[in-house]
Amino acid sequence: MAQEAIHDAPARASLIYDPRVRGIVFQLVLVVALALGIWWIVQNTIDNLHRSNIATGFGFLRGRAGFDISERLIEYTSDDSYGRALLVGIWNTAAVAAAGIITATILGFLVGIGRLSNNWLIRKLATAYVELFRNIPPLLVILFWYQGVLALLPSVRDSLSLPAGSYLNNRGFYFPKLMWGPGSWLVFAGFVVAIALSWYVARRAKARQMATGQRFPVFLTSLALIVGLPLLAFLLAGLPVSVEYPQKGTFNLTGGINVKPEFLSLYLALSFYTAAFIAEIVRAGILGVPKGQTEAYSALGLRRGTGLRLVVIPQAMRIIIPPLTSQYLNLTKNSSLAVAIGYPDLYAVGGTILNQTGQAIEVVVIFMIVYLGISIATSLIMNWFNAKMALKER
Amino acid sequence: MKNIAIGILGAAAFGFMATAASADTLDDVKAKGFIQCGVNTGLAGFSAPNDKGEWTGLDVDFCRAVAAAVFGDGTKVKFTGLSAKDRFTALQSGEVDILSRNTTWTINRDTALGLNFAGVTYYDGQGFMINAKKLPGVNSALQLSGAAVCVQAGTTTELNLADYFRANKMEYNPVVFEKFEEANAAYDSGRCDAYTTDQSGLYAVRLQMSSPDDHVVLPEIISKEPLGPSVRQGDDKWFHIVRWTYFALLNAEEAGVTQANVDEMKNSNNPDIRRLLGSEAETKIGTDLGVSNDWVVNIVKATGNYGEIFERNVGSGSPLKIARGINALWTKGGLQYGMPIR
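Chains as they are written, first to last, in this note's numbering: chain R, 29 to 422; chain G, 363 to 704.
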């Protein structure tokens with residue numbers, strides 16, 4: 029009895045002081061306050077839009093766009109809808125981001141390893157590169173490429189002739205376009221078969237080495253397959269390809285493929301800028317692997333190259349991948365700076381649509397959703413890669 | 363908990379006040395003591411800072427005229443430089459009270475965008491400019507097939523351009539910039555073969571090129587571009603002040619009231635002029651509008667009449683030397699027609 033009384037008494041007397049009750053109450057209050065706040069913002073916006081007679085909703089996306097976009101990866105004319113114009117912008121953003129990520133990664137790894145080189149000159153050059161690009165705002169790097177490099181190239185009339193029928197002028201880089209004729213599917217088929225064969229050879233070679241210890245020149249074999257098979261198919265099909273060279277037209281070079289200076293400068297700037305950060309991440313990753321690991325593989329009799337590949341790099345990757353992901357995300361988001369140089373990315377095209385239709389809130393919501401979507405997709409891929417590379421404790 | 367509740371109530375009350383206040387721009391403007399005016403970031407003749415850092419131009423002077431009507435002082439106005447893309451959002455969100463930024467009056471902007479255009483301060487049309495030194499054979503816009511054309515994003519210009527090339531079955535390559543300055547710089551550096559904007563703008567841009575004499579404006583005018591000031595919808599009082607400031611400028615010119623003679627004109631025998639300048643006994647014209655009765659006197663003292671503003675900024679008194687043309691008064695064969703102030 030007495031025990032029960034002691035047990036019950038504090039609970040009844042101190043409902044306010046019960047940490048559980050207090051916790052729940054405060055969380056409820058917070059949720060209600062948040063909901064009220066959001067409701068108020070939304071309601072206020074709707075009221076204001078109504079009072080100013082501004083149309084709302086996403087129906088405008090079906091309207092005729094009426095403006096042209098010069099750089100596009102999908103078919104688009106001014107008769108297409110605003111929605112399609114946005115899609116052109118999304119593809120352009122994706123294109124520059126993907127190209128930038130690949131180049132930045134390669135360049136970043138080279139510079140990062142360069143910073144650890146034993147060669148004084150390479151080491152100092154790599155350091156200078158990192159310090160220079162890391163400390164300049166990305167917009168400035170873009171403008172440097174656009175106005176400082178590409179705008180100073182000669183005009184169309186005095187285009188710089190490059191080998192293989194390519195030209196460089198202040199309208200961009202022009203190179204010949206391969207026109208695939210009938211029968212060219214054989215070449216692509218040859219390429220696909222070669223890749224499949226190489227993969228099989230690599231598997232067999234590994235199995236054989238495991239079983240007998242004998243090695244097989246996998247790299248050279250694969251190279252021969254991947255170059256040789258399509259080449260053979262190409263000859264068999266009777267050279268089914270013609271080349272369209274850029275020609276001088278009234279105003280511009282016509283024909284061939286034209287990479288415009290807007291894309292070039294954005295791509296180069298994003299690659300160079302992000303590579304500086306990636307270089308530091310790579311350096312940190314390699315330095316983060318204890319020296320004992322190097323000594324251990326040497327003690328086991330592995331050669332330096334093999335040891336790096338099998339022991340050091342896999343461990344360094346665990347340190348490198350998570351920050352690398354955020355650099356990829358940064359690069360994608362920085363691509364919206366394209367607006368300064370007239371590259372029609374999502375932000376530039378969306379801005380034009382915003383202006384023509386006045387649907388500010390809707391367009392900004394689309395911006396957020398698309399950038400969020402691209403970022404989440406990048407994160408998911410990198411998380412999967414990270415999980416694959418992560419330490420597997422056995 | 364109590365604090366949170368008060369906070370919520372406070373926020374709600376504040377929100378209510380904010381919504382209520384923005385419905386009456388005139389009271390807002392009077393309370394803060396100046397008009398916030400959205401202008402172009404740098405279009406010679408319309409709105410550009412001069413070498414002393416003061417804003418000058420036709421669009422700028424219009425805002426000064428509104429300030430003079432409201433405050434009796436043409437200097438009580440602050441300017442916000444806006445890109446073509448930002449301009450409507452800035453007006454809709456209340457960041458500026460008037461948008462006076464060489465903006466074309468279209469039905470879409472008047473309805474779906476929630477704007478009200480007060481009048482047409484400059485009748486314009488879209489044209490093309492090329493570098494005649496680099497393209498000596500070109501003397502018509504119809505020869506521009508295949509050209510790269512620099513244009514500013516989010517303008518009617520961009521749409522007219524697409525329509526014009528499409529209608530004439532010509533190819534072109536638009537190079538679209540968000541900012542006027544960026545488009546100018548790209549054209550000057552040779553990134554584009556042609557530059558397109560309103561003709562008045564072309565004359566202004568031409569003067570900013572590194573060698574203006576090399577550039578020629580092609581004869582074709584491919585669109586109607588009535589440029590004028592606009593305000594938010596749903597505030598008739600403010601809309602009327604802006605609209606009638608415009609008409610007052612026109613009527614002052616028609617009546618021959620200038621910056622120099624406005625004080626004598628107050629004592630004129632002509633009843634029209636006396637009514638215009640608020641010197642009639644027991645007049646209520648100004649107070650009915652929500653301003654003082656000598657509002658037109660204040661306007662003309664601050665900026666001069668429409669003709670004076672025009673000549674000073676874009677006409678014979680300026681480097682642009684644009685003729686009045688269709689921007690002359692209706693009495694002189696133009697389109698500018700001020701509704702009667704009575």
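Note that these hints are calculated values from the structure, not bench results. Accuracy of the hints is not assured; some may be wrong.
Computed beta-carbon distance windows for the label pairs [said to hold, decoys possible]:
1) G:Lys440 <-> R:Leu400: 31 to 41 Å
2) R:Trp68 <-> G:Ala393: 22 to 32 Å
3) G:Ala393 <-> R:Leu400: 38 to 48 Å
4) G:Glu533 <-> R:Ile69: 21 to 31 Å
5) G:Gly487 <-> R:Ile223: 54 to 64 Å
Every residue gets a Cβ at the ideal spot worked out from N, C-alpha and C, and that includes glycine.
* To do: Determine which of the earlier numbered hints do not hold for this structure and return their numbers in increasing order.
  => Of the numbered hints given earlier, the structure breaks just one, which is hint 4.
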